[in-house]
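Participant: Sequence:
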Amino acid sequence: MNIKYQDISDAMREKIRSGVWGPGQRLPIRSELVKQYNTTVATLQKAMDELSADGFIISAGKRGTFVANEPPNLSTFAVVFQEAAFTVWEDTLWTIFVSQKRRLEKQFKLKFNLYHIEENNMTSEDFLRLTADARFQRLAGVIFLECPKSYMTAPLLAAQLPCVAFTRENLPGINTIWADYGGLLRLAFDWLHGEKCSRIAAIANLDLPFDYMIGVAQYAARFGLNIPREWQLGLPLGEAHSQWGENLIRLLMAGTPDKRPDGLIIVNENLWGLVTNTLQRMNIQIGRDIRLALHANLPSTVHSQLGIARFGFDIDALINGCLIELRRFRKTGNIAHDAMVGVVRE
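Going letter by letter, the sequence shown gives residues 2 to 347 in the working numbering.
Hint data in this document are derived by calculation from the structure and do not stem from the laboratory.
If a hint is listed, it holds; no wrong ones were tucked in.
Computed beta-carbon distance windows for the label pairs:
no.	residue 1	residue 2	range
1	249	224	19 to 29 Å
2	130	100	18 to 28 Å
3	33	155	32 to 42 Å
4	148	283	26 to 36 Å
5	195	124	49 to 59 Å
6	99	156	23 to 33 Å
7	42	155	36 to 46 Å
8	321	225	35 to 45 Å
Derived SDA-like pairs (lysine to any residue); straight-line CA-CA distance at most 20 Å:
no.	residue 1	residue 2
9	150	179
10	16	160
11	47	11
12	16	27
13	112	94
The C-beta atom is built at its ideal place from N, Cα and C for all residues, glycine as well.
Let's have the full structure, built from the sequences with the hints guiding it.
Facilitator: So this is what it looks like as structure tokens:
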């Protein structure tokens, strides 16, 4: 294997990445490059073929060779989702992003590469593709749509690639952005309270920090309402855990109509089907017996109906916030953990 051409392509990539050769700039003529890198025409051509295939340079015939107007190190971003026991295709955040990908690319005038990484599998195809893209500087940054494991971020940080994660955790070397779940819970409570609900419960996914539940209970107390601890539930996500979750919902709703909740906050849209199917099997009618304030990843895939209001986070705002953090980091080199996506009502 001819290693020399890879050394040349790496050096040329670095000149593009560092801005020595800017977007649209004409490269030196080939004879100058051959002399500069002390190589042969054939070896130089192999290096340039690789750069062309990766989208860094464009040949314009007799006019010469130019840096692409939008080289991947400036315009291509990785979007990563890791699969756990809760399958990625059951998560509405991922499915909504995939469904909106082309529109978002057009809106932000860039390209998103998707990587679906199997949890704790460092030999998976997409993980190897991600690390190779980082190594060869084919990315402007990486967006993790959930908290990444350290083995995922280590090779990216080693390649000095800007990263941002959608998580409340402060990760070393990783910029983070989070959603205003406290605001969502307060808006959801306000709507239920305005609908004359006086017995309000809340169901979240187990990963949601419990201080959010404490916060909404304290907020409710300001209005003279109590959200009992036994009505503050955390459920696992995914079809594999649905029967356990259904049992807890049945226990929550087991009382007589005047004793059970008449308002329910669902803090994760992925629990929507489990909750509504259980209520239906218990002959509890939404809009008549209970009202639901539902978290939604927007634009939502859940259709509106009587007795339901949706509050959530817009995918455009989330992605825009991630891009702002990545570009800020490129300019300043400072890691930040204070970016927030605001809540909106659909």
